[in-house]
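> These protein sequences, in sequence, are chains L and E.
One point on numbering: in the numbering used here, the residue at position 89 of the first sequence is 89, and numbering is uninterrupted.
One point on numbering: in the numbering used here, the residue at position 24 of the second sequence is 255, and numbering is uninterrupted.
Hints are not guaranteed to be accurate.
[Unchecked claim] Keeping only pairs whose Cα atoms sit at most 20 Å apart, straight-line, the calculated SDA-like set for lysine to any residue is:
id, chain 1, residue 1, chain 2, residue 2
1, E, K438, E, S380
2, L, K141, L, K196
3, E, K427, L, V139
4, L, K207, E, S380
5, L, K207, E, Y400
6, L, K115, L, V183
7, E, K427, L, R201
8, L, K141, L, T129
9, L, K207, E, D398
10, L, K141, L, E127
11, L, K141, L, Y229
12, L, K115, E, N252
13, E, K427, E, L240
14, L, K207, E, G426
15, L, K196, E, E358
16, E, K427, L, G192
17, L, K196, L, V139
18, E, K427, L, Y229
19, L, K141, L, E165
20, L, K115, E, V429
21, L, K115, E, D383
22, E, K427, L, M191
23, L, K207, E, V401
24, E, K427, L, F209
25, E, K427, L, K115
26, E, K427, L, T205
27, L, K115, E, G426
28, E, K427, L, Y169
29, L, K207, L, T10
30, E, K438, E, G362
31, L, K141, L, T227
32, E, K427, L, S184
33, L, K207, E, D402
34, L, K196, L, L216
35, L, K207, E, V429
36, E, K427, L, H7
37, E, K438, E, G426
38, L, K141, L, E130
39, L, K141, L, V170
40, E, K427, L, E185
If you are wondering where the hints come from, they were derived from the structure by calculation, not from laboratory data.
Source: prediction; values computed, not measured.
Listed below, chain by chain, are the residues.
There are 2 protein chains.
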Amino acid sequence: MAGPDGHTLTFFMHDILGGSNPTARAVTGIVTNPALSAQVPFAKPNGANLPINTGIPQNPGNSGLINNNNVPFLTGLGGTTGNLVRSNDDKFIGGGYGFPVLNGGQLPSGMTVQKMMFGTLTVFDDELTEGHELGSRLVGKAQGFYVASSEDGTSQTMALTAMFEADGYVDSISFFGVHRTVVSESHLAVMGGTGKYVNARGFATIKTFPAPNQALTDGLETVVQFTVYLA
Amino acid sequence: MAGPDGHTLTFFMHDILGGSNPTARAVTGIVTNPALSAQVPFAKPNGANLPINTGIPQNPGNSGLINNNNVPFLTGLGGTTGNLVRSNDDKFIGGGYGFPVLNGGQLPSGMTVQKMMFGTLTVFDDELTEGHELGSRLVGKAQGFYVASSEDGTSQTMALTAMFEADGYVDSISFFGVHRTVVSESHLAVMGGTGKYVNARGFATIKTFPAPNQALTDGLETVVQFTVYLA
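Okay, chain L solo, but in the shape it has when bound:
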């Protein structure tokens, strides 16, 4: 994880929306708006059983879990519109990540789904791994939230703490900044740290890409690569 000079770290964060084991949950915004449940249409087969008329994305009919049918409705860290590709057993096997495939016909004039996402707050508890695969060696957890903070829905203001497992999660680095999904790399500021990172300063570059092996989860995974440069 640490670079040769001890001041550079790299790790991968796995953000999973929907599926049977989501690590991120949208708690405000369009997903919680009952009035829109009848107005936002989805391309088949993703449109069935949307739970948005229950206020928050809980589906009691599915043991309280967010199910695959929700995924296209959520805004994640990927941000790229694309076609979701599913296997025959309805798992995501590749394709687009981030914003959903939608029928736009019934949206209010001038409104896009991305615009409607502006303001959506998503809380996460994501695994950090050494390599980019979800099954790679676990190095810690990242907890925090991101808020869709541009009017076109392509930016997320992020506040998070990355906690490292090695010494019982005492070592942590906290970050704040804006993740812009329209550029290949965004920068977050280091707010501070604890444990061996106490008084940390510096920044991180973050890059998102679709999960290399989506089959490991039935949710919609976005992998975020962090490269941290400490002063």
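With chain L fixed as given, assemble chain E onto it according to the hints.
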């Protein structure tokens, strides 16, 4: 924008609630609480067609846009109670900014609108300009959120990243702190920065005032002057 010593910056942030091109959206709190829709009365003519029973401030009857009728219900960065002055075509032309004019008669005993705003989370994507007018030269964007964080509704806890356009938004400064609307000036701490502001430390003073030329937007604009002192 930069001061003579290169360590002081000033810029102006334009926060627009409501209207056809809002830059800020309240996503939690009273505006999203349907249970209060029947309880919060408004002085005419501002009380018509409040969308609060739709969960988030979307008004499908107005092409999905937040309209002027919403504005008096939102809590912004201005914070001053005052009379909203409207022209004959229902545009704001001056007067109060911030908390609305209300009939208090039907509020629960001991409750004021300001108190009810406590906890409202507002996400913003505001333009930063060199001068105080909305049409002044654009220097960047500020994205983040503010939360009404005093029981009397006069303070906003703010977390934001100011991103500067010059080098493709790589240069940024992130701030955290409490904006107290009852004093003329508040201070925010610099959490850090990126690009040429990496490892930034210091603080900013912020002052709010009503838009100098409200006619440029049909929303309710608050101008926030930032003066940043970097160590």
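> Any hints from earlier that this structure breaks? Give me their numbers in increasing order, please.
Per hint list: 3, 4, 15, 20, 21, 24, 25, 27, 28, 34 and 37 violated.
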